[in-house]
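Chain by chain, the residues run as shown.
Protein chains: 2
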Amino acid sequence: MIAKTPKPPYYAVIFSSIRVDGDNGCSEMTDRMVEMAKEQNGFLGIESARNELGITVSYWRDLNVIKQWKEGAAHSMAREKGRSKWYKKFKVRIAKEGSDYSGLKENDEHTVHED
Amino acid sequence: MIAKTPKPPYYAVIFSSIRVDGDNGCSEMTDRMVEMAKEQNGFLGIESARNELGITVSYWRDLNVIKQWKEGAAHSMAREKGRSKWYKKFKVRIAKEGSDYSGLKENDEHTVHED
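Taken in order, these protein sequences are the chains called F and L. First residue of the first sequence? That's 0 in numbering that gives the first Met the number 0, and the numbers climb one at a time after it. First residue of the second sequence? That's 0 in numbering that gives the first Met the number 0, and the numbers climb one at a time after it.
If you're looking for bench data, these hints aren't it; they were derived computationally from the structure. Each hint should be verified, as a subset may be incorrect.
Copies of the same chain are indistinguishable here, so a pair counts whether it falls within one copy or spans any two.
[As the list claims (entries may be wrong)] Only pairs whose alpha carbons sit at most 30 angstroms apart, straight line, appear in this in silico DSSO-like list of lysine-lysine: (1) K69 with K37; (2) K66 with K37; (3) K87 with K66; (4) K6 with K87; (5) K3 with K84.
Source: prediction; values computed, not measured.
Can you make the complete structure from the sequences, with help from the hints?
Encoded structure:
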């Protein structure tokens, strides 16, 4: 699903990763991270896709909420020794969706075909 | 591949989409858009993944470069009547990767396992 985000400004956390072979509990951990995100007041939505490369973009109201989530997530990750079991490589980017790019992009989600 | 982006600030264009069934020339068009992007001075990289949802994130030095690319892309799209052939829904977000989130994220790509 395409996340239903509010009017900007808000923040996007872009997590790009290349997995090692095998799940090794990664799906379960990912589900848990998403659950943790949803419990945060200020979490706005998440989008995820994977082929060889995986991209997960989560959307947030402000940096403080991201920080809280990240600390909880880091704690769980450390407990699971997760990253080295799951990822060959990963990169985290945090970016601010501004409200001043209206000349550059469509204002909202486009529904081309109704289901 | 995870894009090798420079030190922030730079911009991310996050294109999220749900496809209609069948390719209908979409792959070819996507390849052409990526080629057009690579020809732009100021294009920094691109990452793409798709399951049911597709996410393509392209990275750019500044908003002007995005504007130029977008105009060229819109022109090609119009010629191909592309969007209605390819997408059920899509959303474009533009966000600025800042340099002030260093407490919040890892500074660069993490290689957990060398190939």
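We went through each hint and held it up to the structure:
no.	hint	verdict
1	K69 with K37	within (13 angstroms within a copy, 33 angstroms between copies)
2	K66 with K37	within (14 angstroms within a copy, 34 angstroms between copies)
3	K87 with K66	within (24 angstroms within a copy, 34 angstroms between copies)
4	K6 with K87	between (35 angstroms within a copy, 22 angstroms between copies)
5	K3 with K84	between (32 angstroms within a copy, 23 angstroms between copies)
The structure is consistent with each of the numbered hints, conforming to all of them.
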